[in-house]
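Asks: Protein sequence lines correspond, in order, to chains R and E. Everything in the first sequence is counted per our numbering, starting at 21 for the first residue and increasing by one. Everything in the second sequence is counted per our numbering, starting at 21 for the first residue and increasing by one.
Keep in mind the hints are simulated off the structure, nothing from the lab. A couple of the hints might just be wrong.
To be verified - Simulated crosslink set (DMTMM-like; lysine to aspartate or glutamate; CA at most 20 Å straight-line):
1. Lys285/R x Glu284/E
2. Lys62/R x Asp318/R
3. Lys245/E x Glu235/E
4. Lys60/R x Asp229/R
5. Lys274/R x Asp157/R
6. Lys62/R x Asp149/E
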Amino acid sequence: MASLEKKAEFGEQISKQAKISSVEAKTKNSFKDFLRRLFKNKGAIFGAAIVLLLVISAIFAPYIAPFEYDKMNLPNMLRPPCREHIFGTDEFGRDIFSRIVYGARISLQVGFVAVGLSLVIGTVLGALAGYYKGIIDYIITAITDIAWSFPTTLLAIAFIAALGPSLRNVMIAIALVSWSGYCRLVRGQFLSLREQEFVEAARLLGMSDLRIIFKHILPNSLAPIIVMATLEFPKAIVVEASLSFLGLGAQPPKPSWGSILSNGKALIGQAPWISFFPGLMIMIVVLGFNLFGDALRDVLDPRLKE
Amino acid sequence: MLKYLIRRLILMIPVVIGMTVIVFLILHLAPGDPVDLIVGPNVTPEVYENIRRRLGLDQPLIIQYLKFMKSVIKGDLGVSILQERPVIELILERLPVTLQIGFAGFLITFVIAIPTGILAAVNRNTIIDYSCMTGAMLGISLPTFWFGLLLMYFFAYKMRLFPISGYGSLKHLVLPAFALGLTNAAITARMVRSSMLEVLRQDYIRTARSKGLAEKVVIYQHALKNAMIPIITLMGLRLGWIIGGSVMLEIVFSIPGLGRLIVESILSRDYPVVQGSMIVLTSSIILANILADILYAVVDPRIRYN
């Protein structure tokens, strides 16, 4: 009996030592494991490849695009797709392919800024509501419910009306209409996590609220937030394209995919390629993010699965 | 039940008030002067002041808001600055158009999404399921306005089956309704599938099967009925999306609906029209969500709200 206990104690000590020395290796391994599980999903590989292509074309646009995005060449106008202009030219003779390659910069920028801003707004409000409860929670929840009940596109249009049409304002408008999802998510997470023992322990140790929120609760609710951000990214790209299509976003000659599409709208009968290719790009990129986001959700947070 | 209904309706009041405050503030804090738009820059200060006073723009914001709300409750949404007609008249003129597109869109959604979702769920993890869900994934990534343009090109310009744009006959409605319905069907089909899978897992389905009922009866009479319950709520939540999509398609197909009225009024800073239409649209979305909730409780006796 005694020897058994001793053995157990000994085993524990060894495992403790092993734990300490392998912490680094373990995090590395779990990340490897995470990647392995993520890319077992073929959709994730496909999605990641598309996202990577988008990033590459945004960074190396000047090297990939055969022409300047705003270079006019009137004798060459409304050329259908050919060897020189693989996506054709528009009514000013500008190369559609080059415009689309440069347009990747706009989509990516809008995605990052709009999603980043809405994530910060939503997470901070959700954390405050879920952590403090009471009157703060009541007020934030009421505002969130109101923001939630607005149709996204319409509210974004209204914000643009107030701020004026420009790409910067589009990013602000998208952030202002899409934070409520994060807020609801984070609030829910905080409401349940704040009752957990490790939070109780942190509180008993006399840690400040700020430290508990950012160091202890937030890292534990990071997975669903990342998943949501990945799935919100394509939505931001579509809203930007929609607003630019309505003439409320990027102003000419900026090659936003939505504005190229809008240019092509009037010429759809004569020159369908002007609208066809930017729309196709939007679809492929959105598909890529959706596939990647879905796979990420399955690996990181299976509970979120529809 | 009645208690629940009354409570839901009372809870709606702060949301509607908050919504009106947001709409009101967005448009009144916007830079740009509506008086300038009416009279132009070359006008004497007296005339300018006169018009400003007539529109009530010289009063403090809070007074303007309270006056506005007082008349909204009476059903008076103000007078359009540019068209000099009552806003409610303009809205009632355009609303049926948007409702028709939305309704037709929902109809197409149901016709496509329900069979697809059932087919995928019943044949889970087979080639049928995978093709249905791949189709749905593509549909989710499809930008509605681009899809509208594609339909316009193929079915109106090339095949000449439908009018290119405008409004008036049933034929005008087909393409926009289809563009709206198909993209919405993609998301709905996924919901139908997961809801159906959830139901097929239940004990009462096993009971139905084990007492020797035909598979068709089990699926259509036992499973579908129960699977439809959460779909009702989800459809209510999709209404905001349908309206946003309708706005885009009204622009694509030059249809004189409420969405186009809003976009045009925003571009011309016709505050009262934007306010009125936003309030009508968002209140109907809020109301529709509550109706969906109530319907949910009515059709599913298992749900009791206390």
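Asks: Compare the structure with each hint and give your call.
Replies: Hint check:
1. Lys285/R x Glu284/E: Holds, at roughly 18 Å.
2. Lys62/R x Asp318/R: Holds, because 13 Å separates the two Cα atoms, which is no more than 20 Å.
3. Lys245/E x Glu235/E: With a Cα-Cα distance of about 15 Å, the restraint between Lys245/E and Glu235/E holds, given a limit of 20 Å.
4. Lys60/R x Asp229/R: This hinted pair is violated, its Cα atoms lying about 40 Å apart.
5. Lys274/R x Asp157/R: 42 Å, violated
6. Lys62/R x Asp149/E: 16 Å, holds
Comparing the model with each numbered hint stated earlier shows that hints 4 and 5 do not hold.
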